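The residues making up each chain are set out below.
Number of protein chains: 6
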Amino acid sequence: MMPPWSDVIKLALSQDVGRGDITTNALVPAGREAEAELIAKEDMVVCGLPVMAEVFRTMDSRIRMLPEAPDGAGVMTGNTICVVRGPARGILTGERVALNFVQNLSAVATLTRRFVEKVQGTGARIVDTRKTTPGLRMLQKYAVRTGGGHNHRMGLDDGVLIKDNHIAVAGSITEAVRQVRETLSHLHQIEVECETLDEVREAIAAGANVILLDNMDIGTMQKAVDWAKGKVLLEASGNVTLANVLEVAQTGVDLISVGALTHSAGSKDLSLRIKI
Amino acid sequence: MMPPWSDVIKLALSQDVGRGDITTNALVPAGREAEAELIAKEDMVVCGLPVMAEVFRTMDSRIRMLPEAPDGAGVMTGNTICVVRGPARGILTGERVALNFVQNLSAVATLTRRFVEKVQGTGARIVDTRKTTPGLRMLQKYAVRTGGGHNHRMGLDDGVLIKDNHIAVAGSITEAVRQVRETLSHLHQIEVECETLDEVREAIAAGANVILLDNMDIGTMQKAVDWAKGKVLLEASGNVTLANVLEVAQTGVDLISVGALTHSAGSKDLSLRIKI
Amino acid sequence: MMPPWSDVIKLALSQDVGRGDITTNALVPAGREAEAELIAKEDMVVCGLPVMAEVFRTMDSRIRMLPEAPDGAGVMTGNTICVVRGPARGILTGERVALNFVQNLSAVATLTRRFVEKVQGTGARIVDTRKTTPGLRMLQKYAVRTGGGHNHRMGLDDGVLIKDNHIAVAGSITEAVRQVRETLSHLHQIEVECETLDEVREAIAAGANVILLDNMDIGTMQKAVDWAKGKVLLEASGNVTLANVLEVAQTGVDLISVGALTHSAGSKDLSLRIKI
Amino acid sequence: MMPPWSDVIKLALSQDVGRGDITTNALVPAGREAEAELIAKEDMVVCGLPVMAEVFRTMDSRIRMLPEAPDGAGVMTGNTICVVRGPARGILTGERVALNFVQNLSAVATLTRRFVEKVQGTGARIVDTRKTTPGLRMLQKYAVRTGGGHNHRMGLDDGVLIKDNHIAVAGSITEAVRQVRETLSHLHQIEVECETLDEVREAIAAGANVILLDNMDIGTMQKAVDWAKGKVLLEASGNVTLANVLEVAQTGVDLISVGALTHSAGSKDLSLRIKI
Amino acid sequence: MMPPWSDVIKLALSQDVGRGDITTNALVPAGREAEAELIAKEDMVVCGLPVMAEVFRTMDSRIRMLPEAPDGAGVMTGNTICVVRGPARGILTGERVALNFVQNLSAVATLTRRFVEKVQGTGARIVDTRKTTPGLRMLQKYAVRTGGGHNHRMGLDDGVLIKDNHIAVAGSITEAVRQVRETLSHLHQIEVECETLDEVREAIAAGANVILLDNMDIGTMQKAVDWAKGKVLLEASGNVTLANVLEVAQTGVDLISVGALTHSAGSKDLSLRIKI
Amino acid sequence: MMPPWSDVIKLALSQDVGRGDITTNALVPAGREAEAELIAKEDMVVCGLPVMAEVFRTMDSRIRMLPEAPDGAGVMTGNTICVVRGPARGILTGERVALNFVQNLSAVATLTRRFVEKVQGTGARIVDTRKTTPGLRMLQKYAVRTGGGHNHRMGLDDGVLIKDNHIAVAGSITEAVRQVRETLSHLHQIEVECETLDEVREAIAAGANVILLDNMDIGTMQKAVDWAKGKVLLEASGNVTLANVLEVAQTGVDLISVGALTHSAGSKDLSLRIKI
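Chains as they are written, first to last, in this note's numbering: chain A, 86 to 361; chain B, 86 to 361; chain C, 86 to 361; chain D, 86 to 361; chain E, 86 to 361; chain F, 86 to 361.
Simulated from the structure, these hints should not be mistaken for laboratory data.
Please read these numbers as outputs of a predicted model, since none were measured by experiment.
Please note: incorrect hints may appear among the correct ones.
It does not matter which identical chain is used: a pair holds within one copy or between any two.
[Claimed, not checked] Calculated cross-link-like contacts (lysine-lysine; reagent style BS3-like; alpha-carbon spacing at most 30 Å): (1) Lys95 / Lys248; (2) Lys316 / Lys248; (3) Lys360 / Lys126; (4) Lys316 / Lys360; (5) Lys316 / Lys95; (6) Lys126 / Lys248; (7) Lys314 / Lys95; (8) Lys203 / Lys126; (9) Lys308 / Lys126; (10) Lys95 / Lys203; (11) Lys95 / Lys216; (12) Lys316 / Lys126; (13) Lys95 / Lys308; (14) Lys216 / Lys360; (15) Lys308 / Lys203; (16) Lys360 / Lys314; (17) Lys248 / Lys360; (18) Lys95 / Lys126; (19) Lys203 / Lys360.
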């Protein structure tokens, strides 16, 4: 089966290539071969090589990619990450889209690794959010795993998270949990977003399996953990940075979600050195 | 006709909503109405409201959006940007995807505006590149225009840019320009990437219309401008930052391309305050 | 957003209508109006009216449907279920596909209700399986809910069920549960398929949340329930019929899955009486 | 060209696999190979092996299928129908969808064969209807042929069947046949649905090529056959069962259409025994 | 349901409009309204107005079209065919694609009408072939009907035509007809392509319903008609022109097929006069 | 990447083959091989062989095509253009669609070559227009290049052409050019449609790069050329025929656009001689 990211690869290529690469088609003969090396221009955790391979395969099924550093490897400035060989037209035309993917995904994996390393030894999992770049959900979630993080739910359909607006409609946390449990498949846990310790207590009493501690200060968070640890899973969420993530982890929470992993990772510097 | 970004909106929604929002569907009755305000959590140039409107319209055609600050407006922390009204399910389920779009596009527009303001009065245009987020090409190019920048080519099919590899295959800049001119539509200009003053001279002699000054230091760039200004358009490219863009502009180049506008703009902080 | 079943509606219509209804187009003027009543030809739980409405809306957006008995209602032979009004061409051309949906979904809902009624008072949930008709996954799962049943996982991506082959690869139940837990999102439960009491014990010790009791005889199932009830959820599976489902439920299992709900429900007899 | 059923295969796989098989992906290494045997758990006419092959090929192009009993073969409980070899992930993930197809199609072929055997020697053809499962039109029509039946029209665009509502609009059978003949391609026959002998006579006089004897009792049907046999083709339709089909055939009708072949065939019991 | 030509309309618009009409978007404000008249620049049978309407509706759902001469009407140079009103951008951007459709379809309808008029009174039908412009099958077949012609089969799936290569494989006309009859739905006629009178006789004896007289000279054709008229339908095919079609018709053939109706009709001259 | 014409190939095949070729499938065994020769039935410039190859490859990936005369070659009546080998079913079923493409594209290439030959030595380029057959834009533009012509813009998004309506909205040519230049990418030229010498002068003064001389008589055109030659590119447009194209070219214009190249080229006579 096509990997779940073939849609966004086709979309990106159609946006960039459109009716055809008029420069390359005018100058590079159809039979010409080329070889290219993907070079790190800064230190990073590599991510996205299978995507790059599929970009080039989509351009021309004869292009071959030989990875030297697999996804998840840490590379340093100047390292060769992989070698690409095949028809020059396909390589030149696909280059930019391939790089656009790898640069973003490597940035996500690298940033995730930094968060993960910060909390090493605390037992807390770094998890992502649904604040992903539109179209890149599956890929950025993969990059988070590549960097050593864990995935929160993939979408609105494979996990329950009861938020303030849901509670407002249901009338109370207790009622919201009850209603969801009534129809929910037995394979799902129920997570409830709480802003106060009272809400945490009500959610646990109502049978929630996971509590999201929403934007709590460290003191309140510590009290929530002291009281609830072991009864349910506890997720810290809101304004977590590299500067404060260790402090958050040391409260004893089980999970720390970080939106910046995906929405603000930016782009790692990589270049494709082509010999033609 | 569907706007050229309806594909990525559908893709993003299908990735997030999948088989349906199991939390909202369990808790919010189909007939329930809601109202929401989009609030700026930091200062920014707003961009993406029509996209947000289409996300919500795709969720439920009865959802209406009333903009208070249009795309391109500068807003400050706490400002209300628009109001959304309609069926609560559609608003709750579409919220995250709508925000994911607006947060990225506003970041691109805001960063672009900062670059544009830096070079104000110099006559240089700030232009984007093809280093856009996969799937968001049309939208990020729109955000660049919203921020006051200009677009470089949209893709490989609507503009010619002859790069080093093309020149290597053709044998020389002169030959490359000649071959492209031979087949090219009369409505296109020809741009050539040059690294040295000799290359600039050869490109102009060959009939190039635009010269991309690739990673030149300011001194070399100044010489290129002094010699070529007015004969062709000159584009500065490579390692342009907010710190050095004015110096680049003051050389007299016509265009300054900045990849970071799209690949590293990150995300602006916005929230949707829902009353249900 | 289009309901998650618009794909199969479009597919079914394109398969039936193809290049156009050559009989109706030759005989029925474009402006002709018609009215039709959907009549039950046997007793049943109605299911599929929103699908029927969308079939007709897809044929002609001017066709209106006025339900008299909503999805989930029990109707008797001769009852009118809904009234359809609008352009005659669209009604005549869409009739067969609309009925094909409603006949199958009402059969699924009706059969589910019979199972649910059999176990009433025992506390056991009747749940479906992934043995659905290809293309009708979402619709038949909806029909199961309409009949009073509950859904098991919707697909392979929103619930974990560790089966014998998975255990064989992992080496043991213990190891399989451990490996899955390692990477699994914290919002998922883990279910393990067990054939013996020893396996049940190992799965629970390993931290499984749900045990599927696979094809166990009533005696063994009873022992499993006596031992494990309350520690985990217990699902009975395999060869459950209307004749034996009560006996199964009386063991105290929490869930009883029945493949026949979807793969062998057949078709309920309904007709569309058209006045033209 | 893709077979006309690749659409429904892709739809069924996307509904079941969604974002990926989270159990198998967590437990089965990418390189692991497996072998599986498709075993009949009851007697049946096999149908759907090419579909099963395409399901697995769609999962992973390296999976190979070696049929032992081809489509149309009668197999008995315990017989091996085919062997599947290849990457274990693809086999485990595709198993359920593959079985869902083969179980339904084998049920259709088996039921068709029973009807065909009942009327053997009478000269009557068993034909299907448009009462097929939504999305499975082409496949179930193929299964009917596999079971020895014949296909009625494939859809509304490749055959003319004038029904009561069409006649009502045209004013009379005579007028309806005339109007259709006026525009119809010369390659189509015209079939008219008749409920009485008078209608049969009018249809034949009007130039119909085929008469559908709609829900006639055996006596009336016999009179229609005695009068019309040889002048036109005669199709018996309505409430035909295995119990009465021979009696219907013995009236001398040319065709007997049976909706149950496709809408109520249910599912044959088959299992995929996997060695990993 | 979308008309069966919405695919080619979307394809044509995407090929022409691509990322957007850069001239119109730069110069025409979004709110500007326009009115346009479709004017005949030569005499013709008009065809394609519903297609034109859908092109403009696809561009902008607010554009309205008011036909003055319906499809099938004969118009003269200078006549106004319809009026278009709505947002100027949509009208300007959709103009060329709309005209491209109407110009071709009106040419097909006009040429068909000339053939039809030539044979008026002879009883022969003018029919089209499968020699249609790729992508325009349904539309050009519609234009043939608009011009007064009849359609041969729409494709390879809704009519049987046994050609020389089929006969070569089957061994003889007799065997070919027998084999097709064996599996063919009872709603189809069988047509056989014959080059000699012997073949005509064999085909009729074998039970063919229609004979295609392939490239026969008038004398041979006349003999075929004299012998076979009334037993089967007779179709003349091959090198039929406006100059010889009457002579062909006077042989008494039932059908005359003309490939040129669709593959060589060219384009009628029409212009859209826009007031802005 | 799929060539930009795979969409129209799939559309054409689905329109012709639909649910399957019922004649060929009934008569030609799946394993049967065939060989076919594409023969020119009149003199022509061949165009479309890669399209033909893809049509057959889409039918059956085992079909191989061996070209004898490549696209662009001039062939004479009776010449063999290519040989096709592979499964007979795919060849017979794909034959008509393959021919429909090649017949139109060869007609476009042949007509283009005749125009190009007429103006040889004058320095004028023959260019196409947007008056292409809906769906065939990319292919007919390719055929024009194959015949020795050049392409005008491919669509509304890759070239600017300011027409009378645009000028009416902007207020003047000067203002229109100014506004477009303001936002236009620096890689595009600006072309303005002019009907009088005054307009030509205004357009050049405003900074237009190309002037379209719209329907000018030869005398006026000559004056425009005498005045503007060398300052801008000059395109003659309107009512250009094989009879007058040389006279137009001799005025000294740079480009001559001919709508008839694509909208009225018709069809070249070719046949596929199949040995089975």
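Hints, one by one, checked against the model:
1. In the homo-oligomer, the alpha carbons of Lys95 and Lys248 lie at most 30 Å apart only across protomers (25 Å), although the nearest pairing inside one protomer, at 35 Å, exceeds that limit.
2. Taking the shortest alpha-carbon separations for Lys316 and Lys248, both the intra-copy value of 20 Å and the inter-copy value of 29 Å come in at or below 30 Å.
3. In the homo-oligomer, the alpha carbons of Lys360 and Lys126 lie at most 30 Å apart inside one protomer (18 Å), although the nearest pairing across protomers, at 47 Å, exceeds that limit.
4. Proximity of Lys316 to Lys360 under the C-alpha cut-off of 30 Å is found in neither arrangement, the shortest distances being 60 Å within a copy and 32 Å between copies.
5. Proximity of Lys316 and Lys95 under a CA criterion of 30 Å is satisfied in neither setting, with 46 Å inside one chain copy and 40 Å between copies.
6. Proximity of Lys126 to Lys248 under the C-alpha cut-off of 30 Å is restricted to the inter-copy arrangement: shortest distance 20 Å between copies versus 42 Å within a copy.
7. With identical chains, the CA atoms of Lys314 and Lys95 are never at most 30 Å apart, being 46 Å at best within one copy and 40 Å at best between copies.
8. With identical chains, the CA atoms of Lys203 and Lys126 are at most 30 Å apart both within one copy (24 Å) and between copies (27 Å).
9. Only between protomers do Lys308 and Lys126 lie at most 30 Å apart by alpha-carbon distance; the minimum there is 28 Å, versus 45 Å within a single protomer.
10. Taking CA atoms no more than 30 Å apart as the test, Lys95 paired with Lys203 passes in neither setting, with 37 Å inside one copy and 37 Å between copies.
11. Taking CA atoms no more than 30 Å apart as the test, Lys95 paired with Lys216 passes in both settings, with 22 Å inside one copy and 17 Å between copies.
12. Neither within a single protomer nor between protomers do Lys316 and Lys126 lie at most 30 Å apart by alpha-carbon distance, with minima of 47 Å and 35 Å respectively.
13. Proximity of Lys95 to Lys308 under the C-alpha cut-off of 30 Å is found in neither arrangement, the shortest distances being 49 Å within a copy and 43 Å between copies.
14. In this assembly of identical chains, the alpha carbons of Lys216 and Lys360 lie at most 30 Å apart only when taken from different copies (22 Å versus 39 Å within one copy).
15. In the homo-oligomer, the alpha carbons of Lys308 and Lys203 lie at most 30 Å apart inside one protomer (22 Å), although the nearest pairing across protomers, at 48 Å, exceeds that limit.
16. In this assembly of identical chains, the alpha carbons of Lys360 and Lys314 never lie at most 30 Å apart, being 58 Å within a copy and 33 Å across copies at closest.
17. In this homomeric assembly, Lys248 and Lys360 come within 30 Å of each other (Cα to Cα) only across copies, at 13 Å, whereas the closest approach inside a single copy is 54 Å.
18. Within a single copy, Lys95 and Lys126 get their C-alpha atoms as close as 27 Å, which meets the 30 Å cut-off; across copies the closest is 35 Å, which misses it.
19. Within a single copy, Lys203 and Lys360 get their C-alpha atoms no closer than 40 Å, and across copies no closer than 38 Å, so neither meets the 30 Å cut-off.
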